[in-house]
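Q: This is what each chain is made of:
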Amino acid sequence: MTTTLDVNGKAVQVTAAPDTPLLWVLRDELGLTGSKFGCGIGQCGACTVLSDGQPIRSCSTPIAALAAAKITTIESLGGQHPLQVAWIKNDVPQCGYCQSGQLMSAAALLAKTPKPTDAEIDAAMSGNICRCGTYQRIHAAIREASGQPATAKV
Amino acid sequence: MNQFFKTPQTTSQTAAPTRRQALGIGAALAGGALLIGCSPSTLGKIMAVGAKHDFGAFGPFIKVSPDGSVTVVSKHIEFGQGNHAGLAAIAAEEMDANWDTLKVVQAPANASAYANTGFGMQGTGGSSAISNSWPQLRAAGAAARAMFVQAAATTWNAPAGEITVQNGVVAHAKSGKQAHFGELLAAAAKVAPPQKPVLKDPKAFTLIGTDRVRRKDSAAKSTGTARFTQDVHLPRMLTAMVAHAPRFGAKVASFDAAAARQVPGVVDVFQIPTGVAVVADNTWAARKGRDAVVVKWDEAKAEAHGSDQLHAEWTALGAGKAPADSKLKWYPFGTRGEAASAASATPAVETTYDFPFLAHAAMEPMNCVAIVDGNSAKLIHGSQIPTLDQLNTAKIVGNLPGAIEIETLAAGGSFGRRANFQSDYVAECVHIAKHVSAQKGGKGRPVKLVWTREDDMSAGYFRPMVHHAVRVSVDKDGYPATWRHRIVAQSLQKGSPMGGGGLDASAVEGAKDSPYLKATPVVDAQAIHPDINVPVLWWRSVGATHTAFVMEHTIDQLARKAGKDPVDYRRALYAKAGANRHLAVLNLAAEKAGWGTPAPAGWTRGVAVHESFGSVVAQIAEVKLENGQPRVGRVVTAIDCGTAIAPDQIAAQMEGGTCYGLSAALFGKVTLKDGAVVERNFDAYRVLRHNEAPTVETYILPSGNPPSGVGEPGVPVIAPAVANALLAMGQLPTTSLPFAKT
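Chains as they are written, first to last, in my numbering: chain A, 1 to 154; chain B, 155 to 896.
Chain A on its own, in the form it takes in the complex (with noise of 0.2 Å):
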């Protein structure tokens, strides 16, 4: 059996199991290995995508509730996303494995809020863990990808 998902603006055929959660779809069926497993229970927020513009966890999202939505992953941004070039400008990245997720998340804060305040510029990232610590920079990068000047962060 197959289901068809909208990923990244194509229309795609998967196999898996309508349960299988959609970060594994991505990850071992399409081969887009830039959402990261991290917790597999929604804590942590590696595995951000994007849903009909929505940031969801697609490490536990089943892909049945999926098949009318438009999904975008970290492979859409396109490598010139305002956010991608303040990440890079800022050396954002430590270890990485968390970034895909964060400029998800950051990506869907500034399509519905283009001049977030620091208030909604936590709101809309608490949900995203970083071990490293980048999270000082996170900030200053959607502050400069939003055209705003840097603010302390607390």
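Just to be clear, a hint being listed does not mean it is correct.
Taking CB as the label site, the calculated pair distances span [stated by the list, open to error]:
# : chain 1 : residue 1 : chain 2 : residue 2 : range
1 : B       : Leu-779   : A       : Gly-78    : 26 to 34 Å
2 : B       : Asp-631   : A       : Val-85    : 51 to 59 Å
3 : B       : Lys-357   : A       : Gln-148   : 36 to 44 Å
4 : A       : Gly-78    : B       : Leu-353   : 19 to 27 Å
5 : B       : Ala-412   : A       : Gln-148   : 42 to 50 Å
6 : B       : Pro-389   : A       : Gly-53    : 31 to 39 Å
The hints are simulated quantities; they were obtained by calculation from the structure and are not laboratory data.
Here the structure is a predicted model, which is why all the values come from computation and not from measurement.
Glycine included, C-beta positions come from ideal geometry on N, C-alpha and C.
Add chain B to chain A, keeping to what the hints say.
A: Only chain B this time, still in chain A's reference frame:
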């Protein structure tokens, strides 16, 4: 065992082991039939077997392409700490290479060519990547540069002294000739490398210490294209998951694989030494299969302690109760003067401190890819100590360690977890791949072992649970006169090839060498190492995770008792101890933070200073209480890490280290209940999040000393700085971490 991870040039800490000692560790570890009776020098030869590499004209660390671009080979893994940028900059500086086109690649496993000069085997740890490579990469870069200069001199018939090199371009001004490295490559490769290459005067550095030294991997890590072990997909590859025992030390008694085998995609279910493995065509099938295995565990020798019980036992030991196990001994670590008076003098401060088990909780759960074919094996993973992974793999497949091939990938954090003497999850993966390879059609079939977060967090290798008991009396001016100190902590040496005897230096580092003890006339300091079955390990900054807290928080209590300003009180003790670097970073932090001026409304400052891994860090944190919990705002950080190679990455490590330390201080706690781990995922093991992160400002003390550690020294200072701010608010001393009591 942490002295195993010490850098060679540390200023006031235990010296690094000699190469011979470190190889001795490896030889003992290797054990088994292959290496019994092996002397360290023979081990080196055995390690070299099968690891013959043609490094090319410029040696193992530098390659030059025909287009003139330079590639620096890093013997150290990059798992966030930014070492690849710094390592590349050292070689590029001496070579005068073009930084913008320079690339960094990861070295293969090779214990002789790529040994960490601090531990005699290939590995990354102890914040030593830059410091141990500093002389090596300077020499490699300078030698390559000299070869290009000589090649140009010969080709252009010009005196070598008139040749200049800049940004990878070799030039002779008088004749107007110039060429990039690639154009001179053939001629340079024929030049004999100089025996003693002439190094630059640091005053002539144009790259080192500048903000031009940036990460080379930010683009890959900002586009999802950086390749981690989790991302490896190979033809015919199977994905494995393992049903692990709920308690440390339990064994498989029996298992029922029927339901697991029914899961579509599951290929095989079998027992391995650490549990029951399920191999499948994809990760989700492996996961469902693993969860469907029914295992009966033999818990006869399983760990059964609970954290509360351990806490009570550690406290009783610290208070002087004789250990029930007569093998346990107290080891002195800095006793001086009339020890009896330390017990009898009236204390100004007498307190105990308790620290819980901590998980490393790296973002990428532990994983490994192994390919076994007969007795040959290849590993693809984030190998922190390739030499140990070679030794442990070799034992399983029955080969010589040097024949084990390792492709080291970027790893999603480690914080110490990926370096252990058992290569725990690596060995588990090799066992599975070996089983697979023995099945029909399984020869050379790649296996990727994936641990879930729960596997990762409940596997142990925790920062040990630690108890300190401290009693300090003071002189007429309020400074320490006698200092009695007891530390109760599991040894990190247990299960290691050294056998676990004696004082574990890592449990007392940071206390033993504290300037405060140096400034105290009478010291009675001892440690004891209870023996339980919970695997423990170094955790980013190791002993300093608890000793920095105890020393710095005790000192603030003493300063307040003496009615002195905590910064002034420290200054006086540093003067007594001759701790000039401590004094310098404290002064720098105090100046930048505006110590002595009022803090912003609603905030209170706390200070702490600590030396680890050869570097000294001072922090002044602005703290307030929200709903009874500390919230940290601005953190001013001053560091003396010797010569600063990559200032922006030093700042990044201070930012990240502070978050890592603050996360543990605020929330970090692994609890055992009847020997089983309670906190098994991020829902229960709370970590610092974006909205809770501070703003860290970093100031680097100018220094002409060789570079020292950066990855770990930023971690241990924030917890006592916060506790000291609470003290300044009039709160009671903090006697246990985490701050959050739930």
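Q: For each hint, tell me whether it holds in the structure or not.
A: Structure-based check of all given hints:
1. Between Leu-779 of chain B and Gly-78 of chain A the CB atoms are about 45 Å apart, so this pair departs from the stated range of 26 to 34 Å.
2. About 58 Å separates the C-beta atoms of Asp-631 of chain B and Val-85 of chain A, a value consistent with the hinted range of 51 to 59 Å.
3. The given range of 36 to 44 Å is respected by Lys-357 of chain B and Gln-148 of chain A, whose C-beta atoms sit roughly 40 Å from each other.
4. As the Cβ distance of Gly-78 of chain A to Leu-353 of chain B is approximately 44 Å, the hint placing it in 19 to 27 Å is violated.
5. Distance hint check: the CB atoms of Ala-412 of chain B and Gln-148 of chain A are about 59 Å apart, inconsistent with the given range 42 to 50 Å.
6. Between Pro-389 of chain B and Gly-53 of chain A the Cβ separation comes to about 36 Å, which falls inside the hinted range of 31 to 39 Å.
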